[in-house]
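*Asks:* Here's the letter readout for the chains.
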Amino acid sequence: MLRFIAGRLVLLFVTLLAASVVVFSISEFSPGSVARKSLGPYASQEQVESLTKRLKADDPLPLRYVRWLGVLAGVIDDPLQDPATGLDFHDPRGSRYFGNLGYSTLYKMPVNDVIWDRLGNTAILAGLAFAFIIPLSMIFGVLSGMREGSKTDRTLSTLSIVLTSIPEFASSVFLVTLFVILLPLLPGTSPLTESGQWSMASQLILPVAVLVIYDFGYVARMIRISMVEVMEKPYIRTAILKGLSPRRVIMRHALRNAMIAPFTVLLLQVNFLVSGVVVTELVFAYPGFGRMLLEASLFGDITLIEAATLITVTVAVVTQLLGDIGYMLLNPQVRID
Amino acid sequence: MSVEVQPAVAVNPLQPSSRRLFRRVLRSPTALTGLFLVAFWVVLAVLAPILPILPPNDQDMIAMGNPYPSAQHLLGTDVLGRDILSRLIFGARTVLQVAPLAVAVAMIVGIAIGLLAGYFGGWVDMLIGRLSDIVLAFPVIVLYVVLISNVGPSVFNIVVATTVASAPGIGRIVRGLVLVLKHQGYVDAAKMRGESTLHIMFVEILPNCRGPLIVDACLRLGYTIITIGILGFLGLGLPPPTPDWGGMVRETTTVINIWPHMSLIPSGAIVSLVLGFNLLADGIGEGNKQR
Amino acid sequence: MTARPVLSIRNLQVEFRSGEARTLVVPEVSLDIMPGESYGLVGESGCGKTTTALAVMGYLGKGGRIASGNIFLEDEDLVKASPEHLRSVRGRRIGMVYQEPASTLNPTMTIGRQLLEVPIYHLGMSKAEARKLVLATLEDVRMPDPASIMQRYPHQISGGQQQRIVIAMALLARPALILLDEPTAGLDVTVEAVVLDLIMSLRKKYGTSLLFISHNLAQVAKVCDRVGVMYSGVIVEEAPVAELFGKSRHPYTQGLIACVPDVRAGKQHRTLMPIPGRIPLPSERPGGCFFGPRCMHAVKGLCDVSAVPLVQLADSVHAVRCLRAEEGVAPPAAVTGGELKVAPVLGEGLSVTGLSKIYDAPQGGKLVANDDLDIAAARGEILSIVGESGCGKSTFARIIAGLDTPSRGRISFGGRLLAEAGRKGRKAAAQRTVQMVFQNPDGTLNPSHSVGWPIRRVLAKFGLARSAVDVERRTRELFEIVRLPVELATRRPSELSGGQKQRVAIARAFASNPELVVADEPVSALDVSVQAAVVTLLLDIQRHNATTMVFISHDLALVRHIADRVAVMYLGKVMEQGTVEEIFSPPHHPYTEALLSAVSVTEAHQGGIRLTGDTPSPVNLPKGCRFASRCPRKLGPICDSEAPPVQAASPTHEIACHIPLEQLRNPPPLAARPGSAE
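Residue numbers (the working numbering), protein chains in the order written: chain A, 1 to 337; chain B, 338 to 628; chain C, 629 to 1306.
Just so you know, the hints here were simulated from the structure itself, not pulled from any lab data. Accuracy of the hints is not assured; some may be wrong.
What the hints assert, rightly or not - Using 30 Å as the maximum straight-line C-alpha spacing, the simulated DSS-like pairs for lysine-lysine come out as follows: (1) Lys-875(C) to Lys-519(B); (2) Lys-690(C) to Lys-708(C); (3) Lys-519(B) to Lys-1055(C); (4) Lys-708(C) to Lys-755(C); (5) Lys-519(B) to Lys-1052(C); (6) Lys-1262(C) to Lys-528(B); (7) Lys-1262(C) to Lys-1251(C); (8) Lys-994(C) to Lys-528(B); (9) Lys-755(C) to Lys-528(B); (10) Lys-755(C) to Lys-151(A); (11) Lys-708(C) to Lys-760(C); (12) Lys-994(C) to Lys-708(C); (13) Lys-690(C) to Lys-760(C); (14) Lys-755(C) to Lys-875(C); (15) Lys-690(C) to Lys-151(A); (16) Lys-832(C) to Lys-875(C); (17) Lys-53(A) to Lys-108(A); (18) Lys-994(C) to Lys-1262(C); (19) Lys-690(C) to Lys-233(A); (20) Lys-708(C) to Lys-233(A); (21) Lys-108(A) to Lys-56(A); (22) Lys-56(A) to Lys-151(A); (23) Lys-833(C) to Lys-755(C); (24) Lys-528(B) to Lys-233(A); (25) Lys-1052(C) to Lys-994(C); (26) Lys-755(C) to Lys-233(A).
Unchecked claim - A short, non-exhaustive set of chain A residues, derived as facing chain C with CB atoms under 8 Å: (27) Met-1; (28) Thr-177; (29) Phe-179; (30) Leu-183; (31) Gly-243; (32) Ser-245; (33) Gln-333.
Please read all numbers here as calculations on a predicted model, not as lab measurements. Even glycine gets a Cβ: it sits at the ideal position worked out from N, Cα and C.
Chain A with its partners taken away, still in its complex shape (with noise of 0.2 Å):
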C-alpha cells in the first residue's frame, strides 16, 4: 500500500514536471511578448525591447523554463521583481522563497495573492455542485439499474441522456432566460459581494445547478450501467433466493459491488469540477480559479497559467489516488501490497 502511494507521488511529480514543460512550450507560440503585455499597448517599442532585456525573456526557452523552476523553487529570484524593470512588481513574501509562484502580469499581483483567493471561490461552487451529484446520481444510477427495461429506467436513462447533452453554456442560456428574465427570482451574475438584492446563497444558485445538470447525468449512467451489470450477477439471484426482500438484495447486496467501478469515475469529477467550470463561471461573472485560467490564458500570463497548472494537475493526480484507493477499499478482491 505504501508503495503504492509512494509510486502515485511519483507519478504525481513526473506529471507536474511534463505539465509544466509542456505548458511552457505551448506559450512559445503565443502572439505578442511578455514585456508588451506589462507595459500596455502604448509603450514605446524601446520601452518594450529594454525590458524584454531586463527580463531574460528572449533567452532560450530551456534556460527560461529552469530560471521559472529556480524561482519555484526560492534558489533563485524572480527576474520581474527586480526593481531594475521599473515595473513596480513588489511581493510582500520577499523574491526568493520555496513556492514562489511568480508574479501575475496580468493582475499585477504576486500568483500567490490572485490564486488561493480564486481557488477558494471554486472550491465552494465544486463542493456544493458535487454535494448534488454525490446522491442524486446514485439514485437515479440504481433506481435505473435495478430493473433494466422498466419503466423508471427508461424514464430516468432518457432523462440523464437529455441533460448530460446541454452543455453548460447552454444550461446557463435556458436557466438564466427562465429564472432571470421571465421569472426574476434569481440573479444573474455572482460575483459574490454582499451588494443590493442578492444573499450569496441566491448567487450560488444557478452556477451550482448548471454543473449539477451537465455533469450528474453522465455519472449516473455510469452507476447505472454498473449496476444493471451486478443485477445479472449469479450472487444476486443467489440473495434473492435467499428469500431477501428486494430492499436488502439492492441495499445490502448490490449497491456495493455497483459502486466499485463507478467510484473512481465519481471521484474524476472533482477533477472535472475545479477546471471545468471556466464556462459557468464566465457567465455568472463568478470570481473563481476557471475564469482566471480563462483570462490568464487569453492574456498570455504565464506565470499564472503555470501555477494554475500544477494545481490542477496535482488535484487530478491527487484525486486518481483517492480514487484508487476507495477503489481498493471497496474491493476486497483487490489488494495492492
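Keeping the supplied structure of chain A fixed, place chains B and C upon it in accordance with the hints.
*Replies:* Here is chains B and C on its own, set in the frame of chain A:
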C-alpha cells in the same frame, strides 16, 4: 502485413455486420430518435449552399431594430442583423466537418496505441499506460484553453487538441478488449498458420472491437461538439465571421435580457445535435449488449 | 406410495417473452418428489431442467413466466403465491445450490455475513444464536476452522470450499427440499467426488429431499433414487435409477447412455454411438415426438402425428414418452473389434525430452508449469495427457503446438527438431506439420469472418492450393470430411452450433495435412450426444491420415476410450505414464488411483478414495513429491523431502512414487486407508 494476393479472401469482413448494425439501429427507438436528430442536421449542413436561405454573414440593417422572427428571417436576426437560421445551418456545416474529423484522427491514434499496448504487453504497455495516465490527469478543458489560446484557433489545432485529449481514453478501451481477444482460439490458429503480427492485430482482433468502438465514437462526437461549442463560447472558436454555434451564443449573451431568442436558438441547436449522438450511442450500445 | 410428496409439479408450462415473440421453453413437466427422496433431472443444455428448478423458486428472470400448471410444495400452490409469501419459502423451505460457486457468492461480503443472513432473516434468530447455527452447519459441511472461514471473503477460499459454503447456506434453515443445479460444474473430478459424498451424507443426516439437476448421467446414477430424463422441455422417461440405467425404454435415454464413454472400457471394446442431429430450439420443435427426427426407431405416420403423452408402464414405476415403448425398442448395438484395433506403430513420432516451462509468478517467485517432462508417442498414436486444472497440460499442449517456447528441453517429431529452449519461432514447414484444435468452440472461430475463411487462409499461407478453384475444391473436401454442408462455409460462426464450430476447427487443423495434431479438451464444452459425434469424427480422420495426436483431457473415461498412450500429470509433473491398458489397471500411482476412484461408476455411494484439500498453488513448489500434501498413501517425511524415483513397472509403464512397485500392485483394502472418505 503479407502482400501476397489471395483471391479467395475476397469476403469483406465488415459487410454483413454493418448491415446487422443498421438493422439494430432501426429496431431501437432510442437509436432511431438519435439517428433522426443527427440526420436532420447532416442534411441541412450538406444542402446549406443550395437551400433558399440568406448568406450567413449578410447584415440586415432594417431587421436590427426588430430582430424577432419574421417572414424574412424565420428565426430572427442576431445583434448584427444577420439571419439566425442561415447562421445556424452554416454553423452545423462547420461543426459537422470539424468534429468527425477530430474524432476520426483521435480514433486512429487511440486504436493504434491500444493495439500496441494490449497485444505486446510488457514494457510497451507500461510506457503507453504511464503516458496515458499523465495525459488523462491533465484536465481537458485546461488543455484546450491553454493550447488554443496560445496557438490560436484553427481546425488543425482543434483536431490536435481533441486527439491528445481523447486518444488515451480510446487506447484504454481498445487495450482492454485486446487483452481478452488475443487469448481467443482464432488468434492462436492464425499464429499457427504463420500470419504476421499486423495481420493478427488488424484482421483478427480489431474487427471484433467494432461494437464498443462505434458506441465510443458516437459519445465522443457528442462530446467534441460540446467542446467546440465551449471553445466558441469562450471566444476561442474558429475566427469570425465563420458561423459557429458556441460563438453565436457568446455574441448574444450580453443582450439576453432583451432578445433571449438570439442565445436560446443556437443553444437549442447544439443540444439537439449532441443529444442525437448520445441517443445513437445508447441505442447501439443496447444492441451490442443483446447480441 | 402413501406418503404425500414434498414437491409436486403438475403440467408446468414456462414461456419466455421478448418483445412480441413468445417461446415455450418448457411445454410440459410433471414430477413428484417424496420426503427424503433424491430425484435426478438429467438432460443436455437447453432441455429446460434449470428453468424447471427456477420455476419452482418462482424466479424466472426477465421475460419468463409460468404459463400454466401448478407447483405444490407440500400442499400449497407456489404458482399462486404472493411475492411476500414466495420470499418466506425461498431459502427457508426450499434451498438452492448453484453451478459455478465462485460467482454464486457475493465477492464483497464476508462469508460469515452471507451465511448469518439466512437464520437472522428467516428464523428470527439473534446474531449470537445465528452464529452458533452457522458454525454448526459449517462443521456439517466439513469446513476446517469455521470461525476463521466466516471472516474471509469468497475469493480467499478454493472452489470446493466455496461450494461447501453454498451447500451450508442452503441447509441453514433446514429446508424440506434442496434444488441442486449442476452443483459440481467447474470443479475438478477429485473435488467433485468429495462434494457429492458430502451431499449424500447430509441428505441422510437431515432427510432432506433433493432435486438434483445434471447433464452427467454417472453422477445422477450415484446420487439419485429416481431419475427423469428431459429432452426439449419435456420429461421423456422417468424411472427408479437402477431401472432407468438397466432397462431404459426411451430411445433418447438409450442413446444418451450409449454415447457416454465408459471408464471401464477401452476403444477396442466399445465404440461411442453418437445421436445424429441436434436438439431442436423451442421454436423448431417438430410435430409429434420431439425426438422423432433424431430417433432410429421413429416410424413415419406414427411418431410425427400428434403430441406423445408420458405413459406409465405396467410396472407403474416406469413412465415413458414413446409410442413404441411397449414394443421394447432395442438400444443401439455396441460395435466391437474389427478395424478399431490399436493404431499401427509407424516409426518415430513425438519425442519430448527434459521439457520445462517456468514463468515468473506475478506475486514473485517461480511458477513451474511444466517440470522436466519426458514423454514420447509413436507416429500415428494418440497420446493423452490427463490431469486436473492447473496441472500444466494446456501449457504442454501450447508448447508442442509452437504457441509457446520451452524454458528447457527439446521437442522433436519424426526425428526433426520442432522446438528447443532458447529458440524462438518455427519455420513455416515445421508449422504446417503441427496444428491444433482448441478447447472453447465459441472462441475458436473469428466472429468477424466467415467460417470458411480461416481454412482458405491456411491453404493460402502454406501454399497448398495454387488457384482460387483449387482453394474452393479443397475447402469443399475438408467440409465433406468433417461432415458439414459446404454451404456453411459462407456463414458467420454465430450461426453455427457448438458442435459445428468444433467440426470447422477440426477441418482447419487438418487443412494443412499435419502430421501431428494437438487437441486441447476439444469436446469438453459440448453436450454429451454432440461430444460423441465430434470425438468419433476426430478419431476417424486421425486414423485415416495416420496422424499423431496429443489429446489433452480431464475426462478419464474419454481418455480410456480414445488413447493409445496416457500421461497423468499433477502440478507440472508426470506422475505416471504408459499404454492405456497399463494406466487403467494396477499398479497405479496413488493419484491415478484417486482419479479413477472419483469417476468410478461401479463404486458404492461412499467409501471410495477421496482426496482432502485442493491442488496447491504451482508457485514455489516443495522439493519432494508434488502430490505428497494430498496423497492418501503417503509414506512419511521422505515424500516431502525427496523427489520420488521413476519406477518402471514395464518397459512402457513408469510410475513416479516412493512406494515400492510391489505395494502399488496390491493396494490395501479401502477401509484401511487414512485418506478414504469419512
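*Asks:* Would you list, in rising numerical order, the hints stated earlier that this structure does not obey?
*Replies:* The structure breaks hints 1, 4, 6, 9, 10, 11, 12, 13, 14, 22, 24, 27, 28, 29, 30; every other hint is satisfied.
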